[in-house]
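Following the hints, complete the assembly by docking chain B onto the known chain A.
Line by line, the protein sequences are chains A and B.
According to our numbering, the first sequence is numbered sequentially starting from 1.
According to our numbering, the second sequence is numbered sequentially starting from 1.
Worth double-checking, as some hints may not be accurate.
Identical chains blur together in the list; that is why a pair holds if it fits in one copy or across any two.
In silico lysine to aspartate or glutamate, EDC-like type, Cα no more than 16 Å apart, as pairs [as the list claims (entries may be wrong)]:
1. K125 <-> D63
2. K155 <-> E111
3. K174 <-> D89
4. K191 <-> D146
5. K125 <-> D64
6. K155 <-> D35
7. K125 <-> E111
8. K20 <-> E129
9. K54 <-> D187
10. K152 <-> D187
What the hints contain is simulated information worked out from the structure, not anything from laboratory work.
Since this is a predicted model, take the numbers as computed values, not measurements.
Number of protein chains: 2
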Amino acid sequence: MVPLTIRYGQRHVRELDAAKAVVKHYGLTKHVVMDLNLTSFRSALTRMDIAVPKRGSTAEIGDDIPITYVPARNIIFLSIAAGLAESVDADRIFIGANAIDYSGYPDCRPEFFRAFETVLNVGTKAGVEGSPIKIEHPILSSTKADIVRLGKKLKAPLALTWSCYQGGEKACGKCDSCLIRLKGFEDAGYKDECQYE
Amino acid sequence: MVPLTIRYGQRHVRELDAAKAVVKHYGLTKHVVMDLNLTSFRSALTRMDIAVPKRGSTAEIGDDIPITYVPARNIIFLSIAAGLAESVDADRIFIGANAIDYSGYPDCRPEFFRAFETVLNVGTKAGVEGSPIKIEHPILSSTKADIVRLGKKLKAPLALTWSCYQGGEKACGKCDSCLIRLKGFEDAGYKDECQYE
Numbered sequence: 001m002v003p004l005t006i007r008y009g010q011r012h013v014r015e016l017d018a019a020k021a022v023v024k025h026y027g028l029t030k031h032v033v034m035d036l037n038l039t040s041f042r043s044a045l046t047r048m049d050i051a052v053p054k055r056g057s058t059a060e061i062g063d064d065i066p067i068t069y070v071p072a073r074n075i076i077f078l079s080i081a082a083g084l085a086e087s088v089d090a091d092r093i094f095i096g097a098n099a100i101d102y103s104g105y106p107d108c109r110p111e112f113f114r115a116f117e118t119v120l121n122v123g124t125k126a127g128v129e130g131s132p133i134k135i136e137h138p139i140l141s142s143t144k145a146d147i148v149r150l151g152k153k154l155k156a157p158l159a160l161t162w163s164c165y166q167g168g169e170k171a172c173g174k175c176d177s178c179l180i181r182l183k184g185f186e187d188a189g190y191k192d193e194c195q196y197e
Numbered sequence: 001m002v003p004l005t006i007r008y009g010q011r012h013v014r015e016l017d018a019a020k021a022v023v024k025h026y027g028l029t030k031h032v033v034m035d036l037n038l039t040s041f042r043s044a045l046t047r048m049d050i051a052v053p054k055r056g057s058t059a060e061i062g063d064d065i066p067i068t069y070v071p072a073r074n075i076i077f078l079s080i081a082a083g084l085a086e087s088v089d090a091d092r093i094f095i096g097a098n099a100i101d102y103s104g105y106p107d108c109r110p111e112f113f114r115a116f117e118t119v120l121n122v123g124t125k126a127g128v129e130g131s132p133i134k135i136e137h138p139i140l141s142s143t144k145a146d147i148v149r150l151g152k153k154l155k156a157p158l159a160l161t162w163s164c165y166q167g168g169e170k171a172c173g174k175c176d177s178c179l180i181r182l183k184g185f186e187d188a189g190y191k192d193e194c195q196y197e
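With the rest of the complex left out, here is chain A (with noise of 0.2 Å):
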C-alpha cells in the first residue's frame, strides 16, 4: 500500500501534516507527496484572494457547486494515483471521496467514478493488458455520521484527521467542511476531537 498526498497549493496545507500523522500512526514506511502548483486555477482553496465562506451552521449550505471547486481536482488525483499504480503494480486506488451531506462536488458522484474507470481501461497499459486499475471509494456513499461511526469502529485515528478548509493552525469551525465534519460527529453521537480556535 503506497499512501499519496498532493500538495496542490491548498490554503488548508496543514492537512498535509495530517496525512503524514495517519501515515505515521499505521505504520507504512512509503508516503509519496506530489507537488503541483495550482495556485492559478480559479478556486477559493487555491487563491487567497478568493474567501472561503464562513457560516453559522450547516443549514445556510446550498446545493449549487460551491467556491471551494478546484476544476478538475479529483480527476488530477486520480490521475497522478493511476501513473503511480501502474508504476508498482497496484490493482486499486481507493479514494475517500463522499457524495453525501451538501458536498455538490460534481468530481464526487458515482458517475464520475464510473467514468475514469473507463479512461483506466481503454487509456493504461494496465487497461489495454487486460489488469484494468479498478477505483474504489468506500465512503462514497456514507453519511459524515455513518463515516465517524465506521471510523471509531476501525479505531482509525479521527483526531488525527484535518477538513478545515482554512488556513490555520486549529480548525475554524465556521467553514462549510468544519460544520459538516462537526455534525458527522455530532449526528454519530461523539466528540471532535480535533482542535478547534
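Only chain B this time, still in chain A's reference frame:
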C-alpha cells in the same frame, strides 16, 4: 489561447525550450509551465536507469507498448489541461497526440479521448452546467508525413519543434521518436531542419 507545457521529469527536458520557442514564434503572451515530478514513475522517459532504445531504422520498432510509455501520462496532462480550461473559461483542449506510425501508446487512441470526454462531461463544473470541455486531437489519425505536409502548409515553425527522447542538446537520430520523425519528413519530401548529432 493558453499554451500548457508540463515539466514532468522527462529526460528530454529540452522539449520545454522548444515549446517556449514555438510560443514565442506565435507571439503568445501567456504560457503555463506546470511542474510535476513523475521521476518515481516506471518509464524510460523519467528514469535515467532505464535506457531509451536506439535502433537502425523504424523497421526495428515493434508493436508492443514501448518502455518509453509513461504510466497515465496523457490522462494526467489532460486532467491538468481540463482544470486550466475551466479556470480560464476555455471550451476546448487541443492535444497533438498521434495514433499512427508504430506509437503503441494506449493513451493516444480515439477510444481513450472519447472516454476522457465523458469524464469531463460528468466530473467537471463546466460539464454538469451544460458546457462540457471538448478535446480536439487534430492530428490523431494523420501519418507523420501528413503532419509534416500540414505543418509546411500552415507555415508552422517545424525547425523549432522537438521529438528526440534522449536528453541531448541536439537530437540523437536513433531513438524511436527521432526515427519516426525523420521518416515522416522523408516520406513527405522535406528536409528536417532540426539539428541532429
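So, going through the hints one by one against the coordinates:
1. K125 <-> D63: between (39 Å within a copy, 13 Å between copies)
2. K155 <-> E111: neither (31 Å within a copy, 43 Å between copies)
3. K174 <-> D89: Answer is neither: 41 Å inside a copy and 30 Å across each miss the 16 Å cutoff.
4. K191 <-> D146: Within one copy, since 14 Å is at most 16 Å while 66 Å is not.
5. K125 <-> D64: Classified as between; 10 Å across copies, 37 Å inside a copy.
6. K155 <-> D35: Neither. Shortest intra-copy (30 Å) and inter-copy (38 Å) distances fail the 16 Å Cα cut-off.
7. K125 <-> E111: between (23 Å within a copy, 14 Å between copies)
8. K20 <-> E129: neither (34 Å within a copy, 36 Å between copies)
9. K54 <-> D187: neither (21 Å within a copy, 63 Å between copies)
10. K152 <-> D187: within (14 Å within a copy, 67 Å between copies)
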